[in-house]
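Build out the structure end to end from the sequences listed, making use of the hints.
4 protein chains.
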Amino acid sequence: MSGKLSVGLIGLGRLGRVYGRDLAQRVLDARLVAVADAQPGRAESFAREFGVPKWYDGHLELLADPDVEAVAIITSTSTHRQVVIDAAAARKAIFCEKPISLSLEGALEMTRAVEEVGVFFQMAFQRRFDAGYVAAKKKIDEGAIGTPVVLTSTSRDPFRPPLEFCDPKVSGGLIADMGVHDFDVARIFLGEVKSAHAIGGVLAYPEMKPIGDIDNAIIDLVFESGGLGAVHLSRNAVFGYDIRAEIWGTKGSIQIGYHRQTPILMMTEQGITHDVVPYFMERFENAYRAQIQDFVGHVLAGGQPTISGADAIAALRISLAANASLRMGRPVDVREIEVEK
Amino acid sequence: MSGKLSVGLIGLGRLGRVYGRDLAQRVLDARLVAVADAQPGRAESFAREFGVPKWYDGHLELLADPDVEAVAIITSTSTHRQVVIDAAAARKAIFCEKPISLSLEGALEMTRAVEEVGVFFQMAFQRRFDAGYVAAKKKIDEGAIGTPVVLTSTSRDPFRPPLEFCDPKVSGGLIADMGVHDFDVARIFLGEVKSAHAIGGVLAYPEMKPIGDIDNAIIDLVFESGGLGAVHLSRNAVFGYDIRAEIWGTKGSIQIGYHRQTPILMMTEQGITHDVVPYFMERFENAYRAQIQDFVGHVLAGGQPTISGADAIAALRISLAANASLRMGRPVDVREIEVEK
Amino acid sequence: MSGKLSVGLIGLGRLGRVYGRDLAQRVLDARLVAVADAQPGRAESFAREFGVPKWYDGHLELLADPDVEAVAIITSTSTHRQVVIDAAAARKAIFCEKPISLSLEGALEMTRAVEEVGVFFQMAFQRRFDAGYVAAKKKIDEGAIGTPVVLTSTSRDPFRPPLEFCDPKVSGGLIADMGVHDFDVARIFLGEVKSAHAIGGVLAYPEMKPIGDIDNAIIDLVFESGGLGAVHLSRNAVFGYDIRAEIWGTKGSIQIGYHRQTPILMMTEQGITHDVVPYFMERFENAYRAQIQDFVGHVLAGGQPTISGADAIAALRISLAANASLRMGRPVDVREIEVEK
Amino acid sequence: MSGKLSVGLIGLGRLGRVYGRDLAQRVLDARLVAVADAQPGRAESFAREFGVPKWYDGHLELLADPDVEAVAIITSTSTHRQVVIDAAAARKAIFCEKPISLSLEGALEMTRAVEEVGVFFQMAFQRRFDAGYVAAKKKIDEGAIGTPVVLTSTSRDPFRPPLEFCDPKVSGGLIADMGVHDFDVARIFLGEVKSAHAIGGVLAYPEMKPIGDIDNAIIDLVFESGGLGAVHLSRNAVFGYDIRAEIWGTKGSIQIGYHRQTPILMMTEQGITHDVVPYFMERFENAYRAQIQDFVGHVLAGGQPTISGADAIAALRISLAANASLRMGRPVDVREIEVEK
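Chains as they are written, first to last, in my numbering: chain V, 855 to 1195; chain G, 855 to 1195; chain Y, 855 to 1195; chain F, 855 to 1195.
The set of hints was computed from the structure by calculation and includes no laboratory data.
Some hints here could point you the wrong way.
Note: identical chains are not told apart, hence a pair may lie in one copy or across any two.
List of simulated lysine-lysine pairs, DSSO-like, C-alpha gap at most 30 Å [to be verified]:
#: 1; residue 1: Lys1063; residue 2: Lys1105
#: 2; residue 1: Lys1105; residue 2: Lys1023
#: 3; residue 1: Lys991; residue 2: Lys1105
#: 4; residue 1: Lys908; residue 2: Lys858
The following block contains the structure:
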C-alpha cells in the first residue's frame, strides 16, 4: 500500500463516472477502493464494471470504511454541505466538485468544519488544469502581455440541461452553476472582483421560464485593480461546446479556446468546414484527469491544496452578486453579499 | 456632364483625404469639383495633387459654388452642426461622417434643418458597407442562425489617439466616438436598444486621466426584443486593429472579423505567426469607397438614403446612455436621454 | 498631357476587360486611348461603356495610331507572336500577358524582334504582384527562413475551362497554360530549374480525353542548386480557387495562400464553415492592377522591365520540359528543350 | 486471468517505452507481464518503475515464458525478421512495429513463418488510428468528396535523427523509414500504387552526406486507378512536427493535419502566434495507445488483424521502388521490385 492513496468516490452521475474511470484506470498512485451512490444498484454496477472492491448505497457507509483514506465528492451541489461535513468528521482527505455550495452560509459552514478537523480539502475547477488556461497563465506570469487589464470569459453549452436540473434551487441556475467557472477564471487572471452587473433572459427555450431560470446572460465585472471583465453565458451554442477566454494586457493579449475536435477540414461546394468539440467531456477530459491526479499527488505529498475553500467561496460570492444584480437591475458589490439572517 | 455628380469635399484630415482620393479617382459617376479645409493651404495642396479644379479655405465659399451639387462633410464632429445646417441652406445633397453630433440637441437641430429644406441627407457608418458585415446581415436575413438573440461587437485600436483628440468635449470620448460604430452594428443585427450599462477606466495610458477620457470600456445592452449585447472598446490592442462582431441566434452564430492582412504564415522556431491588419484605413478601405459610392448613386438615382439622420440619432442616444451610465454607475434607459434644457 | 502614358489595349476577352477597366479608371498616370478586338463590335461596346475615345477591330489599326504610346496585349496565346512582332515594328512599349508563346521558337522570335527595335517589353505574371508572394519574397530575402531548399506551388481551378480552350494546340494545355505561373514562382523562390518530371491524367472530366488535355498533374522539379520542388495542378477544386505556395528553408518555412473571401464564420449544427475565393478575378484583382500600374510606371520612368522576355522563356522551357516528361514517362532536363528544326 | 491478455514487450527504446507505459497503465484488458531489452539493465529498470513482474535481457527468454500470450516487438527494424520468426515459433500472438523489414526478402520470410504456424500477426501503422485519418477515411467512404483522385501526404521532422540512425543499412534511410507511413496512407485512400518517382538530396545537414542518407525528398506516385500522389519528406521542419495529408476527390477535398498543440493564441506587436506540436510522441500519443489497444482487442476477440503482413509488404515495395527511382533517376514500377537473388 506504500505510496498509493486509497480513494472512495461518492456520486456516480455523469461526471462522477468520469472521475471514477480515471481513478480506476488512469490516475497514478491512486487506488479506487470504494464507490457510493444514493441510487440503488448504481454503485454495485459501476464497481463490477471497473473492478472496484467495495460499493455502498449511502455515503456514510463509505465514510465509515477504514480502508478509505480520501474521498472524491461528486454528488449534486445541494448535498455538498452535508457530505463534506460528514467526510471531515470521518477525517478523510476531501476532493469536492464545484460549486462548493448554493449559499454562502453553506459554504462557510463547510470550510469551518474542514478547518476545525484540519483535513486536507481541495476544490475542483477543472479549467485550471486545462492545457490552454495553464499555458496562458504561464505566458502572462512571464510578462508576455504586460499587465492584464481586461478579461472576457465565455461558456456556451450546445443545449439546455434537462428541465429538472434548470431549477435554480437545485443547480443555482445558469449564472451560479455555469458562470462559477468563468468567475474562477476571472480571479486567476485579473484578481479579486469588486462588483458585478448581470443582464439575462430566456431567449432560446421558452419552456425554461416557468422553471425560473434563464438561458443567456452577460455579466460585466469590475476588478479591485480597476480592470474590467465580461462573462458570456449561453445554453444555445447549438453547433457545439464553446469555451473561450481572452485576456488583454498593456502589451498584447492571449486568446484561449478552440472548436476543432478532429484535425480535418472538409472543402466542398458548401465551403470549408470543420467540426467542433461537442461537449464538456471531450473538451476537458484531460483536465478532469489532471485535476484528480493533482489532488492525489497533494494528499500523498502533503502541502496546500491547489484550489482552496476560500477560492471556491470567492467565486461563489461573485455568482451571488451577479444573481442579485440580475434580480435588482443594478450593479452589485460583492461585499454586499452576506450570510442571510 | 449628364449622369455625373459634382461633389465638393469639406474637411481634409486623415479620413477626408481617403474620401477625397476615392472621389477623385475611384468613385464611378462622381466628379470631385471642389475641396475646402479651414487650415490654410491644405485645400490647395490637395487640389493640385489630385487635379481638383477649385479649392477654398472656408466651407461657406464651397457651399456658395453653384457647380457643387453635393457635399461630403468630413470635418471634426463638433463642427458638423453648423456645416450641415449651412449645406442644407445652400440646398446641397449632404453626406456626413459619423457621429452626427456630440449632443442630442445638435443632432435634432441638424435633422430638422435638413427636413425643412428637403435635401438628400445620408450619414456614414462604413461597417455597413464592409464585406463581412454585409455577408453576415444577408445570411441572418436568410435565417441561417434562426432568431438573433445575443450580440458582441468589439472595437480595439492599436494605440491611443493624440491627447488633444481624447478630450470628450471634442470627440465625445471613447464611448461616443468609437462605440457609436458598435451601437450602429447592434441596431442592424438586434434592433432597437432599451438600456445600456457601461464600465470603463484608464487602464493603459495614465496620461489620459487628466484629459477626462478612458481607454477601455465594456458596455452591456438590453434590446427591446429582450436580446442581450456586449460592446468591447479599447485603445490598447497593441498588435493591430481589432474589429469583430459575433451574432448568436437560436440556430447558430456568425463571427465577423479577421486579423490577417497578408496571406502568409511564418513557421519558425518561434511558432507559427501571421501578421495583422494595422489600422482602419487598411481594414475599411473598400468599405469607405463603397459608402461614398453608395451616396453618389443614391443622389443620382433619387430615393431614400441608406443611413438616415434617424439612424444616426438612435446610435447617438445609445452612446449618451452609455456615457451617463458610466457617470452614474447604473444601467440607463435610452429614453432617459433627453435634450438638456 | 505631360506625365501620363497613352495606352492602347489589344484583346477584350475576360482578362482584357479587367485590364481595360483598370486602365480606364484606376491606374494612375495612364490614359486608355484606344482598344482593339478582332470580334466585331466588341471594342466599340467596351469603348462606349468606359469612355475610351477610339476603338478598332484590328490590332494593326490600333498600332498605326500615333496617339498610342504603349500597348497591352491580352489576346489569346497563339496570337502573341504576331501581335508582339507588329507592336515592336510600330515602336510601341509592350506589355504582354503570359504565357509568352506556346513554342520556344515563337518566344525567341518575339524577344529577338523586341531587342532589335529596342522597345520596352514587359511580361505579365501577376502572382509577382500579389501581396502574399511579395511579402514572402521580402521575408525570405531578409533571411527569415534561412536558405530556401524546397518549394511547393499549387494551382487549382474550381472547374474545367470550356472544352475548346482545353485543346493543347490553343492554350498549351494544363501544364503550359496553368503551370507556367507555378514555374515562374518556382524560379523566384529557388532559382533556375534543372529538370522536371510530370505525371498527370484525366481524373475528373472524361470529356477532356478526346481533346487531348489532362485535368490533374503533379510535376516535380530539381533546381540547379540541388533544391526540390513539386507543382500541383488541378481543374477540379470544386469548392473554389485554390492558389498556394510553401517555401521551406533551413530555418523555417513560409506558407502563402488563403481561402476565405469574406471575413465571416458560420457556426451551425453542420459545423464551422467559411467561404472561399471563387476564382482568379477575386483572388488576383489587386495583383492585376498593380501589375499594369508597374508597367505604366516603368515606361514613364524608364529603366528595366520587372519581368523580362528571358523570364518568360525560362518559365516556358520548364513547361515544355514537363510536357515532354509527361509524354515520355521520364524526367526531362530543361536543356533538352530546343527549337524544333 | 479470464478476459485479460498477458503481453510481453520486446524492445524498450523511445517508442517501446511509450507502448510499455500504455500496456502497464492504460490499455484495457491487457496485462504487461514481461519486458525484454538487449541493453543490460534496461528491462529491469523499466519493470521496477512500472510494476512489471518479469524482465529479461534476451527476447528468446521472454518468448520461452509460458505466461506470455502475446508479444509486442518494438526492436530496431533490422532485428524484426529474427524476432518475429522466433515469436512465431513460440506460438505467440505478434504485434510488430513498422517497417516490417528493410528488404522484401526479409518481409516475405517473416510472413511465411507466421502463416506456417498460423499465429495472429498485426503490423503497426499508427496513423491509421489517429482521429484525423480515421475521420477522413470515414467521410470519404461516405462519399463526401466523390471519387478520390489525388493525394498529398507530408511527413516533416523537426530535426534530423542521430547520425548513427541515418545509416540506410540500419533504418532504411529517409524514404523507407519515414516515407513508409505516407505510402501506407496512400494505399488507404487511393489504393494500390503502380509506380514511384523520387527526387531528393542533402539540403539541410551536410553531415548526412558521408552517412549516405538524404534529408529531403519528394516522391510522386501513380496509382493503378490512374490517380496521382505526392509524398513530401523532410528532416528540417525546424518549427515542429508537421504531418499532413490532403485527399482530392471529384466533389471536394479533405485536409488532415494540425500544428497547434496548446489552444492559445498570442497577440503582440510581433503578430499573432501559436505554438506547434513538437514531435511524434505528442502528435500520436492517442494513436499509439489506440493501436496497441486494437491489437489486444483483436487477439482476445479473434478475427483478422487490422493491418496485415501483406499491407506492410505493399508499403515496403513502394519504399523500395522510390529508393530505386532515386538511385536510377527514373520512375520505377513497383512490380520491378523483386527478391534479390
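So, going through the hints one by one against the coordinates:
| no. | hint | verdict |
| --- | --- | --- |
| 1 | Lys1063 / Lys1105 | between (44 Å within a copy, 19 Å between copies) |
| 2 | Lys1105 / Lys1023 | between (43 Å within a copy, 29 Å between copies) |
| 3 | Lys991 / Lys1105 | both (15 Å within a copy, 29 Å between copies) |
| 4 | Lys908 / Lys858 | both (17 Å within a copy, 21 Å between copies) |
Hint compliance for this structure: no hint is broken.
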